[in-house]
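Quick note, the sequences are listed as chains W, U and Y, same order. The opening position of the first sequence corresponds to residue 1 in UniProt numbering, with each subsequent residue numbered one higher. The opening position of the second sequence corresponds to residue 1 in UniProt numbering, with each subsequent residue numbered one higher. The opening position of the third sequence corresponds to residue 1 in UniProt numbering, with each subsequent residue numbered one higher.
These are computed hints drawn from the structure, not numbers from a lab. Heads up, a few of these hints could be off.
Unchecked claim - Here are the simulated distance ranges between beta carbons:
| id | chain 1 | residue 1 | chain 2 | residue 2 | range |
| --- | --- | --- | --- | --- | --- |
| 1 | W | Asn160 | U | Val52 | 30 to 38 Å |
| 2 | Y | Gln381 | U | Asp38 | 34 to 42 Å |
| 3 | W | Ser11 | Y | Asp333 | 16 to 24 Å |
| 4 | U | Val52 | W | Ser11 | 30 to 38 Å |
| 5 | U | Glu84 | Y | Gln519 | 38 to 46 Å |
| 6 | U | Val52 | Y | Lys438 | 40 to 48 Å |
| 7 | W | Ser11 | Y | Gln519 | 37 to 45 Å |
| 8 | W | Asn42 | U | Asp38 | 20 to 28 Å |
| 9 | W | Asn112 | Y | His542 | 39 to 47 Å |
| 10 | W | Arg60 | U | Val52 | 40 to 48 Å |
| 11 | W | Ser11 | Y | His542 | 28 to 36 Å |
| 12 | Y | Glu603 | W | Gly110 | 57 to 65 Å |
| 13 | Y | Gly614 | U | Asp38 | 31 to 39 Å |
What the hints assert, rightly or not - Anything over 12 Å on all C-beta distances counts as not near chain U; from chain W, calculated:
| id | residue |
| --- | --- |
| 14 | Glu80 |
| 15 | Gly100 |
| 16 | Gln158 |
Stated by the list, open to error - Computed list of lysine-lysine pairs in DSBU-like fashion (alpha-carbon distance at most 30 Å, straight line):
| id | chain 1 | residue 1 | chain 2 | residue 2 |
| --- | --- | --- | --- | --- |
| 17 | U | Lys40 | Y | Lys397 |
| 18 | Y | Lys383 | Y | Lys414 |
| 19 | Y | Lys76 | Y | Lys40 |
| 20 | Y | Lys397 | Y | Lys414 |
| 21 | U | Lys40 | Y | Lys40 |
| 22 | Y | Lys390 | U | Lys40 |
| 23 | U | Lys64 | W | Lys123 |
| 24 | U | Lys40 | Y | Lys452 |
| 25 | Y | Lys433 | U | Lys40 |
Predicted, not measured: the structure shown is a model, and the values here were computed from it. Think of the CB as a built atom: it goes at the ideal place given N, C-alpha and C, for glycine as much as any other residue.
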Amino acid sequence: MAQFPGRSPTSVAMRRIQAELNEWLLHPPEGCRLESFEPLLNWVILVQGPENSPAPGLPRLYDGELFRLAINFGDHYPLEPPEVLFVPPSPVHPHIYSNGHICLDILYDGRNGGWSPALTVNKIALSLRSMLASNTNKARPAGDMDYCQRTRGRSPKQTNWEFDDDKV
Amino acid sequence: MTFDVEIVRWHAVASWTWNAGDDVCGICRMPFDGCPPDGKYPGDDSPVVWGVCGHAFHLQCIQKWLQSQAQTDQRCPFCRRAWEFKAAAPSS
Amino acid sequence: MPPLQPVGNRSQTKPQGSSKKLVIKPLKSKPSLPADFEIKTWTRLQDAVQAVHAQTPVACSLEELYRAVEDMCLHKMADRLYAGLQQACDQHTKAQIEKLAGSQAADEVLFLRQMHGCWEEHTSQMLTIRSIFLYLDRSYVLSASSVRSLYEMGLQQFRTHLVHHAEVLRKTIAGANQLIEAERQGESVDRQLLAHLLRMTSALGLYDDSFQAGFLEHTHLFYRAESQRLIQEVEVASYLEHCERRIQEEYERCQHYLEPSTRRHLIKVVEQQLLEAHMAALLNRGFDGLMAEQRTQDLARFYTLAARVQALPALKLRLKDYIRTSGLALIMDEEKDKDMVQLLLEMKSNLDDIVQQAFQKNEGFANALKEAFENFINQRQNKPAELIAKFMDAQLKGGSKGQSDEQMETDLDKALMLFRYISGKDVFEAFYKKDLAKRLLLGRSASVDAEKNMITKLKQECGAQFTNKLEGMFKDIDLSRDIMVSLKQSSVAKSKFPLGIDMNVSILTSGFWPSYPIQEGTLPAELNDYQAVFRDFYLSKHSGRRLVWHNSLGTCVLKVQFRKGLKELQVSLFQTIILMLFNDTAEMSFSDIKAATGIEDRELRRTLQSLACGKLRPINKAPKGRDVDDNDVFFLQCRLLDRQYQIDAAIVRIMKTRKTLSHKLLVNELVVQLKFPIKGADLKKRIESLIDREYLERDRDNAQVYNYLA
Chain W
1 MAQFPGRSPT SVAMRRIQAE LNEWLLHPPE GCRLESFEPL LNWVILVQGP ENSPAPGLPR
61 LYDGELFRLA INFGDHYPLE PPEVLFVPPS PVHPHIYSNG HICLDILYDG RNGGWSPALT
121 VNKIALSLRS MLASNTNKAR PAGDMDYCQR TRGRSPKQTN WEFDDDKV
Chain U
1 MTFDVEIVRW HAVASWTWNA GDDVCGICRM PFDGCPPDGK YPGDDSPVVW GVCGHAFHLQ
61 CIQKWLQSQA QTDQRCPFCR RAWEFKAAAP SS
Chain Y
1 MPPLQPVGNR SQTKPQGSSK KLVIKPLKSK PSLPADFEIK TWTRLQDAVQ AVHAQTPVAC
61 SLEELYRAVE DMCLHKMADR LYAGLQQACD QHTKAQIEKL AGSQAADEVL FLRQMHGCWE
121 EHTSQMLTIR SIFLYLDRSY VLSASSVRSL YEMGLQQFRT HLVHHAEVLR KTIAGANQLI
181 EAERQGESVD RQLLAHLLRM TSALGLYDDS FQAGFLEHTH LFYRAESQRL IQEVEVASYL
241 EHCERRIQEE YERCQHYLEP STRRHLIKVV EQQLLEAHMA ALLNRGFDGL MAEQRTQDLA
301 RFYTLAARVQ ALPALKLRLK DYIRTSGLAL IMDEEKDKDM VQLLLEMKSN LDDIVQQAFQ
361 KNEGFANALK EAFENFINQR QNKPAELIAK FMDAQLKGGS KGQSDEQMET DLDKALMLFR
421 YISGKDVFEA FYKKDLAKRL LLGRSASVDA EKNMITKLKQ ECGAQFTNKL EGMFKDIDLS
481 RDIMVSLKQS SVAKSKFPLG IDMNVSILTS GFWPSYPIQE GTLPAELNDY QAVFRDFYLS
541 KHSGRRLVWH NSLGTCVLKV QFRKGLKELQ VSLFQTIILM LFNDTAEMSF SDIKAATGIE
601 DRELRRTLQS LACGKLRPIN KAPKGRDVDD NDVFFLQCRL LDRQYQIDAA IVRIMKTRKT
661 LSHKLLVNEL VVQLKFPIKG ADLKKRIESL IDREYLERDR DNAQVYNYLA
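In isolation and in its complexed conformation, chain W is listed as follows:
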């Protein structure tokens, strides 16, 4: 197991993050690379756009593109989800705003949220990649500009999300 001397995770969150880091380094998810985990509470992941099209005959929407995903852990992780967003320029996708906010239930807790402590950064990265892979409509969500203006300087975790679109 990879160990990082000089880092001594004290809190529950730190130890869990360290464990996830070790797992990631042993088995990184496909198409993803950890660009930075310094400090340990802030990771940056490079996500390759999926090479495949969602179905035979459909265009490969993100092939060759590269995105940066920021994961910011809080003190209550994993009881609360980490803050997850794309570093602009974010992928063009009906559930991803141009400021990087992502409309995906597993990223949020609360009333509509689907967060579970059994999720890991590894699984989040895989989910996001498959969200891109299955997309057929390379467009921003409706009201993108409006949303971005409204939420300027705010965490996506502060948005009241409605997850009604099950198709994508």
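Since the structure of chain W is provided, determine the placement of chains U and Y on it from the hints.
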């Protein structure tokens, strides 16, 4: 026929582990046979519990998770089925 | 100048507060002096001074002379009186010094005595003269700022003439230096004389410039030459002893005849020449040897002397180097591994003694010792940590016979101190844990208190992270005992443990103990039953768990039949599995045993070797020899000389390969195989017995033919 070799005493050694399939707790991601993050001793002092759904967690971990959720909405972190502690844990 | 007062009134005083007032009125006319008053009075005084100088009796009484001086002073003749006296003294002093300059003294001591005599006379005469001229000294000298007191005037004159006659001064100073050098060479000299002369130069203000500077230069040259010679000639310990003695002598010199102000300069010169100039040579040539031979006294001297010249840092460095080098030699020598810890402890204790006794418990030196240990002990990876853990293991198992608990504890504390120097604590921890596990599982601990004590100390060293697990191991042993008690009291045990084997199980919590590889082995049926009963019982009390058996850690006490009778043996579970096979079978080949026990090949060979080639040999092997071959055959030792048994075994062996054989052919083969004569009747009896025990049967068609029954 009398036996030329007879056993008088036997000192056997066995070790026990939690009979929980996945070797790490899904919440803290520490091995079941180790401690959860704020535990001191592994083993008896860091008990593992099962839900009726069959998923296992450190008792400390699942309790924290359930406490952080609404009373009416207590679910298994793995399968999201309603959480209920299983009375008798599986042994082998 | 004090105002002149009438002579008559000089001593008249009236008590204050008297009612009658005395009124002093100026005299109408000055009282007149006789014209020859001055010349007569001075002549009288001059005669007296000459008599003092000539050491002849003085004509008048001192009282008279005193009055005469007083009178002259009162009549304003003090300045002329002083001048006259000054001249008289000067002439005399000049003559005295000139006499010295012409001295024909045969040696310097004689000259020095003359010098001293001259000075003694001068001072005593000046004191007499001063008492005569006391009034002058008190009134005139005090009021005239440019005028010296009479005694000082004498000194001044003495100094002037001495300096003028440079040869006299030179001879005096050279003589003093020669005497001192003679004393340094071991002669005894007149210290009193030296003391007087040096006090003289000091009184004359000549000490610093005329004596001290040259004396220090002399000293410098003397000790430079001496040290350069000695450092070549004598060994370091004697050299240091010599330095110590020299410094002591110079201190005594200061006490006896040198001025106090000289001491600091003198000692410094001596230290520089004797010590500072040769410190590197002393350290390089002598230190290691003194250390190796534990010469505490010499080392203490080294320390004190080095401290005098600020060489303690160099000494400390050298100490560190010595420890590092000798420690490294010890630690790297694999042949010494067996005694490494003991040797390190001895080394440490010797060094501690030296720091305590020779180096004045200097904290910096104690630190250097610690750093040197930390340095060398970590130059070899893992082994020191392992051996320290082993040493502790041996202690906790009871150490050497007859060792007291206190001794055990001190030895453990010492080993712990070595452990502190080890940087790879995790290696130690792993070994300690492994050894502790063995002690606990095999009941080898000499004292539970000592074990717990050690855990407390390790907690202080390594933190709770490590000792939590060790404490957990102890807890497991206690819990296991409780479980066994409750199992043995349960109805389950009464109904399901029929054979009377006393079973005990240690149940380990996986996270606490070292991880043990699982080793397979097929248990004898009865042990299998016991194990199943225990498992069911345990899991009924503790749900959600999984039990894994560690056969390689199991042990048994057996009763085994030997040729010379029944013996109790303490054996491993694997040894038990093998031995139990022989209850059912007369003899077995290696491959039979392997198939029957399922023990891994290498482990099986090792175990068979331990049973057949050890000190006690419950089983024998054919052919004999240490190596275990696939075709070797094993049998219980107690059956070796049992001919009846050997015949049975041979018959079964032959029939097993032949399956069917006539009586005659069987007898022929037996004769070949058995190495002892047999009667036909005995053979027949054995065959009948084997038929009864259903190893063989008579062929249905031919009673003279036997078939083998599998």
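Right, here's what the structure says about each hint:
1. W:Asn160 with U:Val52: 30 to 38 Å: holds, 33 Å
2. Y:Gln381 with U:Asp38: 34 to 42 Å: Holds: the Cβ-Cβ distance is about 35 Å, inside 34 to 42 Å.
3. W:Ser11 with Y:Asp333: 16 to 24 Å: violated, 48 Å
4. U:Val52 with W:Ser11: 30 to 38 Å: holds, 31 Å
5. U:Glu84 with Y:Gln519: 38 to 46 Å: For Gln519 of chain Y against Glu84 of chain U, whose Cβ atoms are near 41 Å apart, the range 38 to 46 Å holds.
6. U:Val52 with Y:Lys438: 40 to 48 Å: holds, 43 Å
7. W:Ser11 with Y:Gln519: 37 to 45 Å: holds, 41 Å
8. W:Asn42 with U:Asp38: 20 to 28 Å: holds, 23 Å
9. W:Asn112 with Y:His542: 39 to 47 Å: holds, 41 Å
10. W:Arg60 with U:Val52: 40 to 48 Å: holds, 44 Å
11. W:Ser11 with Y:His542: 28 to 36 Å: The hint (28 to 36 Å, Cβ to Cβ) holds, given that Ser11 of chain W and His542 of chain Y are roughly 31 Å apart.
12. Y:Glu603 with W:Gly110: 57 to 65 Å: holds, 59 Å
13. Y:Gly614 with U:Asp38: 31 to 39 Å: The hinted range 31 to 39 Å is violated for Gly614 of chain Y and Asp38 of chain U, with Cβ atoms some 51 Å apart.
14. Glu80: At about 8 Å from chain U, Glu80 of chain W fails to clear the 12 Å cut-off, so the statement is violated.
15. Gly100: holds, 27 Å
16. Gln158: holds, 18 Å
17. U:Lys40 with Y:Lys397: holds, 29 Å
18. Y:Lys383 with Y:Lys414: holds, 18 Å
19. Y:Lys76 with Y:Lys40: It holds: about 16 Å lies between the C-alpha atoms, which stays within 30 Å.
20. Y:Lys397 with Y:Lys414: holds, 17 Å
21. U:Lys40 with Y:Lys40: violated, 118 Å
22. Y:Lys390 with U:Lys40: Satisfied, since the Cα-Cα distance of roughly 28 Å is no more than 30 Å.
23. U:Lys64 with W:Lys123: This hinted pair holds, its Cα atoms lying about 22 Å apart.
24. U:Lys40 with Y:Lys452: holds, 19 Å
25. Y:Lys433 with U:Lys40: holds, 18 Å
Violation of the numbered hints given earlier is confined to hints 3, 13, 14, 21; the remaining hints are satisfied by the structure.
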